[in-house]
Amino acid sequence: MEKDESILPRWVCDYRELNEGTVRDRTPLPLPDEILSVCSKARFWGKIDMTNSFFQTKMAEDDITKTAVTTPWGLFEWTVMPMGLCNAPATHQRRVNEALGDLIGEVCFVYLNNITIFADTLEEHERRVRLVLDALRKADLYVSPKKMELFADECFFLGHQITRAGISVDPDKVQLIQNWPRRTTVRQLRGFLGLVQYLRKFIDKLANWTAILVPLMRKGAQVDKGWTMEHEKAFKAIKAIVGKLPSLHPIDRSEESDPLWLMTDASNQGIGAALSQGKEWQTAIPVGYWSRQYNPAERNYVAHEMELLAIVEALHHW
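Note that the numbering used here gives residue 1027 to position 240 of the sequence shown, counting from 1, and the numbers run on in steps of one.
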């Protein structure tokens, strides 16, 4: 692989020992699904990437010595917040939240170093961009002009593509899964299933297909020796399904909106549900999918108990 000279090198520091003695900052990250649901109702989007986001926060004077790292050229200390500190993401999220304040949720959303701006018209989009940039300027926070996208009719954010047609999967992630070779270790299989699970709200009855693969990730399992034709069938089926994923649409909660339809299912492998919205359930537009496998106790349920479990769990999910 050729080296990209335009990408600056990044320091990677091992702060595991320091992190063990650090009191955790509990500032929560926003829920990606909530961000995507609100943003997908707009018509124009903008995306702002902050420049060296963690480095824009200075270290407290008394804490600088704690960041010292050993190198062949001596000890170096950080005067700005480095990557690797357990509280760095939460600290940065809190600082940008404070800078944008009431704009969050009404004008924009923030997820770590990514800011997305949404609007229904170009004029409103321009006004909102100015509001966000003015707020960042007042807080001495800087953005990257090279990574800024404004006045767009589609937006890639948090691994998803947002357009006026709805929310769809980033094509790069689809291609990554479809090109994924069969793995021979637990760690490699876990990586594949982890990526697939990230797209679970797009996949109907996903648990039915992953049920046979999950046991291979248990401690002591040997993926290469335990792999059968049934595993291969499920592996290929998942890759094929990922290539035909639908676009999802946010729920319309207006008074004139069409009804919501919740379809549930219980199988031998697990339970699942599909939520859609439309005048009739046969033509309703998908809002999202959900599924999971049974726990040991639930496997003893009789059929009608499994069906009822699917309904209850689906209602809890949405």
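Treat the hints loosely; a few may be bogus.
DSSO-like cross-link-like pairs, simulated, lysine-lysine; straight-line CA separation at most 27 Å [to be verified]:
no., residue 1, residue 2
1, K834, K925
2, K992, K1066
3, K1012, K1026
4, K1031, K960
5, K845, K925
6, K1020, K1006
7, K933, K834
8, K1031, K1006
9, K925, K960
10, K934, K828
11, K845, K960
12, K828, K853
13, K960, K828
14, K1020, K1031
15, K1031, K992
16, K934, K960
Calculated from the structure, these hints are not laboratory results.
Here is how each hint holds up against the structure:
1. As the CA atoms of K834 and K925 are separated by approximately 19 Å, the hinted pair is consistent with the 27 Å bound.
2. Of the pairs offered as hints, the one joining K992 and K1066 holds, with about 24 Å between alpha carbons and a cut-off of 27 Å not exceeded.
3. Taken as a hint, the K1012 and K1026 pair is honoured in the structure, with Cα atoms around 22 Å apart against an allowance of 27 Å.
4. Pair hint K1031 plus K960 holds up; C-alpha atoms about 13 Å apart against a cutoff of 27 Å.
5. For the suggested pair K845 and K925, the alpha carbons sit about 16 Å apart, so the restraint of at most 27 Å is met.
6. Taking the CA atoms of K1020 and K1006, the gap is near 23 Å; set against the 27 Å cutoff, the hint holds.
7. Of the supplied pair hints, the one linking K933 and K834 holds, its CA atoms being roughly 11 Å apart against a limit of 27 Å.
8. Taken as a hint, the K1031 and K1006 pair is broken in the structure, with Cα atoms around 33 Å apart against an allowance of 27 Å.
9. Pair hint K925 plus K960 does not hold up; C-alpha atoms about 37 Å apart against a cutoff of 27 Å.
10. For the suggested pair K934 and K828, the alpha carbons sit about 24 Å apart, so the restraint of at most 27 Å is met.
11. About 35 Å separates the Cα atoms of K845 and K960, which puts this hinted pair outside 27 Å; it is violated.
12. Simply put, K828 and K853 have alpha-carbon atoms about 46 Å apart, too far for the 27 Å limit, and the pair is violated.
13. Proximity of K960 to K828 is assessed by CA-CA distance (about 23 Å); at most 27 Å being required, the pair is judged to hold.
14. A threshold of 27 Å between alpha carbons decides the hint, and for K1020 with K1031 the separation of about 17 Å falls inside it, so the pair holds.
15. Proximity of K1031 to K992 is assessed by CA-CA distance (about 14 Å); at most 27 Å being required, the pair is judged to hold.
16. Simply put, K934 and K960 have alpha-carbon atoms about 20 Å apart, close enough for the 27 Å limit, and the pair holds.
Checked against the numbered hints above, the structure breaks hints 8, 9, 11 and 12 and satisfies the rest.
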